[in-house]
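K.L.:
Please take these sequences and the hints and turn them into a complete structure.
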Amino acid sequence: MATLLPTRDPELRKDPVTNRWVIFSPARAKRPSDFKSKSPENPNLNSSSCPFCIGNEHECAPEIFRVPPEPNWKLRVIENLYPALSRNLEYPIGQNDDSVSELGRWDRVVPGFGFHDVVIETPVHSVQLSDLDPREIGDVLIAYKRRIEQIKGFDSIKYVQVFKNHGASAGASLSHSHSQMLSLPIVPPSVSARLDSMKEYFNQTGKCSLCEVQSKDLLINETTSFISIVPFAASFPFEIWIIPRDHSSRFDELDNKSAVDLGGLLKLILRKMSLQLNNPPFNFMIHTSPLQVTDSELPYSHWFLQIVPQLTGVGGFELGSGCYINPIFPDDAAKVLREVNVPTSG
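Start counting the sequence shown at 584; every next residue gets the next number (this note's numbering).
Hints listed in this document are in silico derivations from the structure and should not be mistaken for laboratory results. The beta carbon of each residue, even a glycine, is placed where N, CA and C say it ideally should be. One thing to keep in mind: the hints can contain errors.
No farther apart than 20 Å at their CA atoms in a straight line, the calculated lysine to aspartate or glutamate pairs in the EDC-like style are these [claimed, not checked]:
id	residue 1	residue 2
1	K657	E640
2	K790	D829
3	K735	E880
Quick list of the computed label-pair ranges, beta carbon to beta carbon [to be verified]:
id	residue 1	residue 2	range
4	L881	E732	12 to 22 Å
5	D838	E901	19 to 29 Å
6	C906	S775	13 to 23 Å
7	H830	E673	31 to 41 Å
8	E901	R591	17 to 27 Å
9	P645	D838	24 to 34 Å
10	F746	E922	23 to 33 Å
11	L672	R591	44 to 54 Å
12	S631	E880	43 to 53 Å
13	E880	Q797	22 to 32 Å
14	T590	R691	46 to 56 Å
P.N.:
And the structure:
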């Protein structure tokens with residue numbers, strides 16, 4: 584495991600993907616290997632009352648599809664019982680619509696039309712995503728893809744955010760392993776900012792900023808089709824990105840073979856994170872292109888999966904400035920995670 588590291592001076596780094604400045608301040612931390620989650624286990628461990636467990640399907644919102652399509656399912660995609668957006672509204676007001684909301688122009692207020700779905704990753708309450716084998720995790724990833732392909736039929740949906748909250752302090756209200764998909768009638772500002780930043784890098788260099796990630800110091804593990812790194816300007820301690828080796832703008836381009844490959848790497852990274860950081864609450868997010876991505880955006884838009892373990896809080900400086908303070912330099916975090924030995928069983 585990592586030993587005490589030499590003192591390093593503070594440093595500011597700008598991420599060419601997110602266009603965000605991050606302050607690295609190692610004086611605020613001990614050794615990278617000393618980072619451990621202190622968050623309690625997720626509540627709601629009683630499977631008999633869990634609506635996501637097999638046999639309790641009647642307690643859930645309507646089902647969209649299941650895999651396989653029979654009673655003994657392995658995963659289900661359902662509507663969220665408490666959706667952030669409503670699939671029952673009329674389509675949002677379009678640019679060619681002359682109507683004006685009572686609060687202002689159409690570009691400031693649109694109806695809350697959208698889809699909020701839940702992906703139940705396993706029928707067994709005690710099983711977590713990292714307990715599944717690579718093919719089973721690949722099935723979950725392909726379920727995301729399948730649902731995105733269905734959503735593409737709605738012209739008013741502009742972006743689909745896939746995300747997972749693990750642990751109560753990371754936003755999970757149920758401990759049964761699940762993830763979510765929120766389909767929006769707008770392109771979120773952070774997505775637009777990411778695309779603008781990647782475009783700027785492309786215009787300056789002629790290259791995709793994620794295809795250019797080569798630093799061995801940032802690498803954790805790699806497979807045939809994917810690499811996992813701690814990003815050059817990680818906003819959070821032990822933040823991890825999993826990036827396709829080959830240039831790919833849209834997550835829904837993922838094929839079955841690559842899904843299994845990604846499933847194996849995701850399993851490994853989640854297990855390493857759990858062993859090193861004491862099974863921390865975490866979030867993962869898939870950052871992809873808007874559904875109506877243009878041909879001109881394809882050369883610099885590159886999807887990736889971001890994992891953020893919840894080890895530190897966000898304070899007033901971060902909220903006020905948009906800059907983050909990270910006490911761990913990315914190469915130190917990557918070294919610690921590289922050196923974690925994961926048992927082959929389980």
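K.L.:
Can you tell me whether the CB distance of D838 to E901 sits inside 19 to 29 Å?
P.N.:
38 Å, violated
K.L.:
Is the Cα-Cα distance between K657 and E640 20 Å or less?
P.N.:
Measuring from Cα to Cα gives roughly 13 Å; hence the hint holds.
K.L.:
CB of T590 to CB of R691, is that within 46 to 56 Å?
P.N.:
Holds: the Cβ-Cβ distance is about 49 Å, inside 46 to 56 Å.
K.L.:
Does the beta carbon distance between E901 and R591 stay inside 17 to 27 Å, or does it fall outside?
P.N.:
21 Å, holds
K.L.:
With the threshold set at 20 Å, check whether the alpha-carbon distance from K735 to E880 stays at or below it.
P.N.:
Holds: K735 and E880 sit about 18 Å apart, inside 20 Å.
K.L.:
A range of 31 to 41 Å was offered for this pair. Does it hold for the Cβ distance of H830 and E673?
P.N.:
38 Å, holds
K.L.:
With respect to the beta-carbon atoms only, verify the hint that E880 and Q797 lie 22 to 32 Å apart.
P.N.:
23 Å, holds
K.L.:
Go ahead and decide if the range 23 to 33 Å is satisfied by the Cβ distance of F746 to E922.
P.N.:
29 Å, holds
K.L.:
Does the alpha-carbon distance linking K790 and D829 stay inside the 20 Å limit?
P.N.:
13 Å, holds
K.L.:
Given the hint of 44 to 54 Å, check if L672 and R591 actually sit that far apart at their C-beta atoms.
P.N.:
52 Å, holds
K.L.:
Using the C-beta atoms of C906 and S775, is the stated range 13 to 23 Å upheld?
P.N.:
Taking Cβ atoms as reference, C906 and S775 lie about 19 Å apart, which means the hint holds.
K.L.:
Is 12 to 22 Å a correct range for the gap between the Cβ atoms of L881 and E732?
P.N.:
The hint (12 to 22 Å, Cβ to Cβ) holds, given that L881 and E732 are roughly 18 Å apart.
Violated hint for the displayed structure: number 5, the only one.
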